[in-house]
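Put together the whole structure using the sequences plus the hints.
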Amino acid sequence: MTGLKLQGIRRSFSDPAPKLVLSGIDLAIETGEFVALVGPSGRGKTTLLRIIAGLDEAYEGTVTWAGGRRPRLAAVFQEPRLVPWLSVLDNLRLVSDRDRDAEARALLAEAGLAGTETAFPGQLSGGMQRRVALVRALLVDPEFLVLDEPILSLDPDLAQRMREWIGAYWRLRRPTVLLVTHDLREAAFLATRILVLGAGEGTIVVDLPVDLSHPRRQDDPRIEAIIEGLAHRDPMLLADGHDDGRDGRAGRPQPLE
Amino acid sequence: MLEARPRPPVRGEEPPAHASARPGGRSWWRGALSLVVLLALWQVAAIVAQSPVLPPPSAVGASVYRHLLYGDLVQDVAVTLARVAVAFALAMGIGSALGILLGRNRVLDEFFDGWVVIGLNMPALVTIVLCYVWFGLNEVAAVLAVAINKTPLVVTVTREGARSLDRSLLEMAKVFEIPRGRVLRRIVLPQLAPSLMASARAGLALTWKIVLVVELLGRPNGVGFQIRSFFNFFDIAGILAYTFVFIAVILMVENCLLRPLDRRVGRWRTA
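Residue numbers (the numbering used here), protein chains in the order written: chain A, 348 to 604; chain B, 927 to 1197.
Rather than coming from a laboratory, the hints here were simulated on the basis of the structure. All C-beta atoms in this analysis are idealised placements derived from N, C-alpha and C, irrespective of residue type, glycine included. Certain hints may be false.
[Said to hold, decoys possible] What the simulated footprint calls covered on chain A by chain B, stretch by stretch (three residues with Cβ under 8 Å from a Cβ of chain B suffice, anywhere in the stretch; the number is not a length):
id : segment
1  : 396–410
2  : 415–424
3  : 436–444
4  : 529–537
[What the hints assert, rightly or not] Below, computed lysine to aspartate or glutamate pairings styled on EDC-like, alpha-carbon distance capped at 16 Å:
id : chain 1 : residue 1 : chain 2 : residue 2
5  : A       : Lys-352   : A       : Glu-380
6  : B       : Lys-1135  : B       : Glu-1180
7  : A       : Lys-366   : A       : Asp-554
8  : B       : Lys-1100  : A       : Glu-404
9  : B       : Lys-1100  : A       : Asp-403
10 : A       : Lys-352   : A       : Asp-554
Shown next, in the form of structure tokens:
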């Protein structure tokens, strides 16, 4: 069943210089799919995701949800976006209710965050804040889960644990997931379908189903083959871009070698 | 890495400006000394002038004592405070609602900006006289006049705060479809707290001064009314007695209500 249909999505920015970021995206996402949208910085991944999440309305084209209504949505943004003056538990209560505190605590514990309930976000490390943001998204039991580089800049072990957690959640609840990432390995490890946004064209240039059963193993040679295949078609995909630059800002300056 | 990225400034993250001027700070005795010097200068001036229009501090003190014990001082202060409270609450409520509305809606803001500017520049006396003429010499007109005087100031300050609300949090709220009331209470109002506190402080000082004028012009009780009576009888000690008592009461409200509230609001920043 088609959960989401995009037709002829175009989006351009005028600031700082006129630029067409998306030039006609046609895409249908089935309910329950785990879709990874990959590509290095500046190709409009985050822009497309914002349009789907309803945060960007200045686009041309149509976004159609199955049944004519937007499903219950949850998102993990590039930044944690926690409310700094609310405790961790109060941040979670924003999206749920007080009578679901037990669930919230259980999810926090699963994320290795037991005992942080009364802490303010500013008292947590960046990695912990990201995990709270993920807990917040899972707590609403989303029908459609949007993940924008949710694992950016975590240490490798923790990053892998979070990937496994996201995978396990998806197997259990089967929400539709749209994961934006620059990391091909992450995409191949989690997704059932990988989309590549082309450089310059602003369209989807690769639409690749991933027929591997879940849970997957990190060292599965078939994952390696997928990565190689994708890199062969677009070597830029291996570039380590962090920032989608959706506001027209350049990425962070790279440290000098 | 991500944490090192400069964040857009969140309004309200700067510490409150008066944080160092806490009561009970180390220089309290300097403040006391300065008051004593002021009283001494006043006493000397009164001795030199030898005039009934400049009574010495001792005469004013005696007047305070007399009015407290045998007069209507307590009642008058209470009546005036009640008017201040109602007008203050009205102005804060209406002013901050309008301020948020204008701060979040550019079309409304452009349309009403002129009105706000006129409101800001309207002399208090004109508003008072017009309210009395239109609504009669009654309590509603009195309180309304004060509220109308103060509202534009609250609108301006709150609007500034509403313009700089953190967009990323509002987006988060939108994606998660957090109910509007909850967004207002838990995300918007806390960010506006510094602006609201600023307009409350500025507003309190403004409100009570205008209330005195309102009472002087058309009320049969209150501090302002009494000051007019003293003026008629040339009782300068009485005027000063009422004034100082009222200043003391307002300072108490400021120190015992507004400042603790201010600190409570900023608690998460220091936690």
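We went through each hint and held it up to the structure:
1. Counting residues of the segment 396–410 of chain A whose beta-carbon sits less than 8 Å from any beta-carbon of chain B gives 3, enough to reach three: the coverage restraint holds.
2. Judged by the Cβ-Cβ criterion of 8 Å, the segment 415–424 of chain A is covered by chain B as claimed, because 5 of its residues qualify and three suffice.
3. By the rule of at least three residues with a Cβ nearer than 8 Å to a Cβ of chain B, the coverage given for the segment 436–444 of chain A holds, with 3 such residues.
4. A count of 0 residues in the segment 529–537 of chain A with a Cβ less than 8 Å from any Cβ of chain B is obtained; the coverage claim is therefore unmet, three being the minimum.
5. A distance of roughly 13 Å separates the Cα atoms of Lys-352 (chain A) and Glu-380 (chain A); the hinted pair therefore holds under the 16 Å criterion.
6. For the hint linking Lys-1135 (chain B) to Glu-1180 (chain B), the alpha-carbon distance of about 15 Å falls within 16 Å, and the restraint holds.
7. Taken as a hint, the Lys-366 (chain A) and Asp-554 (chain A) pair is broken in the structure, with Cα atoms around 24 Å apart against an allowance of 16 Å.
8. Distance hint between Lys-1100 (chain B) and Glu-404 (chain A) is fulfilled; the C-alpha atoms sit about 13 Å from each other, no more than 16 Å.
9. Between Lys-1100 (chain B) and Asp-403 (chain A) the CA atoms are separated by roughly 11 Å; this keeps the pair inside 16 Å, and the hint holds.
10. Pair hint Lys-352 (chain A) plus Asp-554 (chain A) holds up; C-alpha atoms about 15 Å apart against a cutoff of 16 Å.
The structure fails hints 4, 7 (numbered hints given earlier, in ascending order).
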